[in-house]
Structures are given as structure tokens and as C-alpha cells.
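Throw the hints in and build the complete structure from the sequences for me.
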Amino acid sequence: MGRYQRHHQWRKGEKHTEDDEESQTFLMEFANSGYYKRTSPKLLYLLFLSFLSCSFILAPHLFSTNTTFSLLYSTMVENEGLAAEMDVNIPLCSSIANGTICCDRSSIRSDICVMKGDVRTYSASSSIFLYRSKDGSSLKNYVAGVVEENEEGETEELEHEKVKPYTRKWEKSVMDTIDELQLIAKKDTLGMHHQCDVQHDVPAVFFSTGGYTGNVYHEFNDGIMPLYITSQHFNKKVIFVMLDYHSWWITKYGDILSQLSDYPPIDFSGDKRTHCFPEVTVGLRIHDELTVDASLMEGNMGIVDFRNLLDRAYWPRIRSLIQDEEREAQEKLSASLTSESPLEIENEVQEDQVRKPKLVIISRNGSRAITNENLLVKMAEEIGFEVNVLRPDPTTELAKIYRALNASDVMIGVHGAAMTHFLFMKPGSVFIQVVPLGTEWAAEEYYGEPARKLGLKYIGYQILTRESSLYDKYDKDDPVLRDPKSVSKMGWEYTKKIYLDGQTVRLDLGRFRKRLVRAYDYMYHRLNKHPHIQSQ
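For the sequence shown, the positions run 1 to 536 when the working numbering is used.
Please keep in mind that the hints were generated in silico from the structure rather than gathered at the bench.
Some hints here could point you the wrong way.
[What the hints assert, rightly or not] Once the Cα atoms are required to be at most 30 Å apart in a straight line, the calculated DSBU-like pairs of lysine-lysine come out as:
#	residue 1	residue 2
1	K332	K356
2	K476	K514
3	K358	K252
4	K457	K485
5	K453	K252
6	K400	K529
7	K237	K252
8	K457	K252
9	K496	K476
10	K272	K169
11	K496	K453
12	K169	K496
13	K453	K356
14	K400	K453
15	K489	K169
16	K485	K497
17	K426	K400
18	K426	K237
19	K172	K489
20	K187	K237
21	K426	K514
22	K378	K529
23	K378	K426
24	K489	K476
25	K169	K236
26	K426	K358
Structure, rendered in C-alpha cells:
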């Protein structure tokens, strides 16, 4: 994982809301005070004369040009604010005129630019050109001028934007590794523009699979989920153009890509042809850690909708796996029928009628491994779980991981990138995250809060110092044990070396059992529709 940082975004309108509520309260109190009832006719007459006098004195100012403009401007601002409120889930630059470039650089996480019209790629110079007709309207969002000579030797100023299409804009060290695209708009008067080798009739989305790609958390958080956020409204009529293209990434996430696009992706650097599009989006929108904010999406699509997309993506492959297994099981059953009595078969059928909650343990090797995992498995089985220990690695097929977790009721894992797989669990399931020393904030920010948004029952198990291998390495008064936050403030390298790479976990099974029993009772009741209390 790149950095343990949080980025807060101010909510527009919060101050105005408070002011409006105070004003309304004041008006209501004023109206209910009985003032109008106590006012005499004589007093009203005097107030009316005072108002006429003031009107004659202030008339020149009230009807002056400046005042009229100010009042008009205030009304316009209010109307624009109302319109913005009504269109809060329509992203900036989502609707632009032909021949224009619109860039949204307001987010701390990513820049987004949209080009519409005659858009052509030129990978040799990492450029995308937008050609405008001679009578095109003036361009917007001008950043820097590019000067060229036309056929008559005269200079022409062009619009020029630069974008690195990756979603960790605030993190300079990784952004320095991302290729930059040049977005250039020019008038179609030179007759020298790049001819189209491939003409497309659907829009394109450009993004990078560089950066932290290779870490499953970043692959979903920085890539797959922003790609969904940015492209789902195209209804698969969109082409993905990738910088830092990796064939293994296409293989790994091909099932998901096929749910977002009907077209094969393009390797921007490897494909030297000029591709022409009617519209291009450069960069991806991102909402928060491992989530989709429905209030910012067209159609109010949220995190559950994203998970439904994963379901559609992986089920064809899962069905194939199930069919293979059923064939093998049928062959084994045919061979074993002669050795089993009818009573044994009947007992197996009766046991299947009461479903045991399924527990998946995401196992780790090396750092942050649970060293007494075998005892954890034994305890879980004694409580009543059907236990599956999953040991995913970078080559594990995602459909197989999805199948295991989609069918599970409870997942246990130690904080780390593999916890991203909570996205594969059904809403209503239980996610227990073991939180090692020094990882409290990251565990909650990156996995705890997003899991709740998905609808999971989240339990964060914060280990005690004696459950960490660091307990045997450091003195009990050392800040590493006593005050992990102070150590983390020293810098990312300390957090990584000590808390992420330098410790393992030995669970206090008596303490951990209480959480596990709670999860078992909750899921057993849901599955079998009647209470079953497990003694602790």
C-alpha cells in the first residue's frame, strides 16, 4: 500500500445550510412573538410615512445601475446555486460542446479532461489532438499556449493541457512514474493533421495501469473502481485506451472489463496507429477508499451496484468450475455407492438441511501472519463453522476467490492488501479484520469503513501488545509498543518496516473466541431462521 494518508474534502453548502436554518428559526420566533397583534393602527400610519420619506431619499441609490446589477447578480447566483444543488450528481465536464476541451482539476486525487469533436491520437509524442473547424467557437480552460507555423509561415496559438491519468495525484513519488499525455486543440486549417488509421464511433477513456499496479488493493482502489465510476454511464459503448499496458492485467481483470466495454482495450504506446474518436475522457474519477458514492453518480449507482457487476463478471467462469466439479463428483459417487449403506446416505441428507455458517480465513505467509492459525481453525470448527482456509497469491484466479467469498458467511483476515477481497462478500455477511499494532487508522480507513458502506457487519479486532511478535523484540516502555502513533508520525518508512513488514500475530484465542461466537450466532440465525445460542 502506498501511503497511510487521509484526504478530507470540504462539503459545499454546509455553512449556507446553517445560516438558512438560523434565519428560519429567527423568522419563526419573530412571527410567533405576537408583534403584529400588539401593533396599533396609529403606529402603522407612522411607519408608512417613514417608509415614504426614506424612499425619496434612497431612490437614486436603489435604482442606480450598480445596485440594480448587484440585485440581479445576487438572484443569478442564488439560481445557479439551486441548479448546482439539483445537478449535484452530474460531474463537471460531463456535457461539453463540440470542438472544446474541458478539464476538472478540483479533486486532490485525480485530474479529468474531456475532449469532444474530431479527436485523434498520436502515440509517438504521447499526444491527443482535437481538430476544430474554421468557424469553431472559442476554446475553454486555456492553460498554456503552443505556437506553430501554418503554411503561410504565420504563427497560430493552440490550446494545450497536460494530464497524468492516474488516481494518486497528491503523491508525487508515484506520479513521477506515470506517463503524461499532451492534449492539444488546433484549427483544422493546415491540411497537415494526422490521418485516421482506425475510425471509432464510440467514446474512449484513457487511463494508466502503472503506479502501484501489482498490489490488489491499488488495482481495485486506484484502477478498477475509478474505471467503473468513470465509464459505467456509457453502457459498454466505450473503448479503453491504456498507458503502461500490461497483458497480465488484461488477463486478470478481463472478466470485469467485459462488463464495462464491448470493445477490446488499446495499448496506447504499443499501437502506433492513429485512432480517431468522437469524444475522449482522459483520467479517472475516484470517490473514496474502495467505494462508489451514489450521490456523485449518474443514475445513483452505488457500491452495491459495483458488486453486482462483479457478480455478472465472475459467474460464467464459476458455473464452468462447478460443472467440472459436478462431473468429477458424479464419477466418484458412482464408484462409492456400493460401499455406503442407505442409512449413511440418509444421515448426510438430513445434516445438509441445517446449514452451518461458512468461514473463510484469508491466510498470510511472512509478515502479519497468524502464527497459531491451525488452532484458530480448530476452534472455529468446534464452534460450528465450516472452515475454508484461502491462501491467495498474485497468480490465483480472481473468479475462484470470488466464488469462495461470495459463498461465505464470515471472513477473517489480518490487515493488508488481501482484505480488498471483502468486496467479494455478500451484503449482510460478517468481516472480521485482525488489526496489528500500528495499523489502526489504516485498517479502519481502507477496509473497515468501506466494508460498512457495502453492508457488511464489520468487526475490527485490535490486538493487544502481547499478541504481537513485537512484544518479544522491544521493551514494554518502548514507543513501538506503548505509542505506535508517535512512531508512525516519524514517516512511512518506519510504519512499513516495523508494523507492516516486521510483525506477526499470535491470537489470544480466548479473547478472539468471543468475536467469533458473536459472528456464528448472528449468521446461524440468519441462515436457519431460528436462534441458536453457542456457549462462549
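*Ascending list of hint numbers which this structure does not respect*: Going through the list in order, the structure violates no hint and respects every one.
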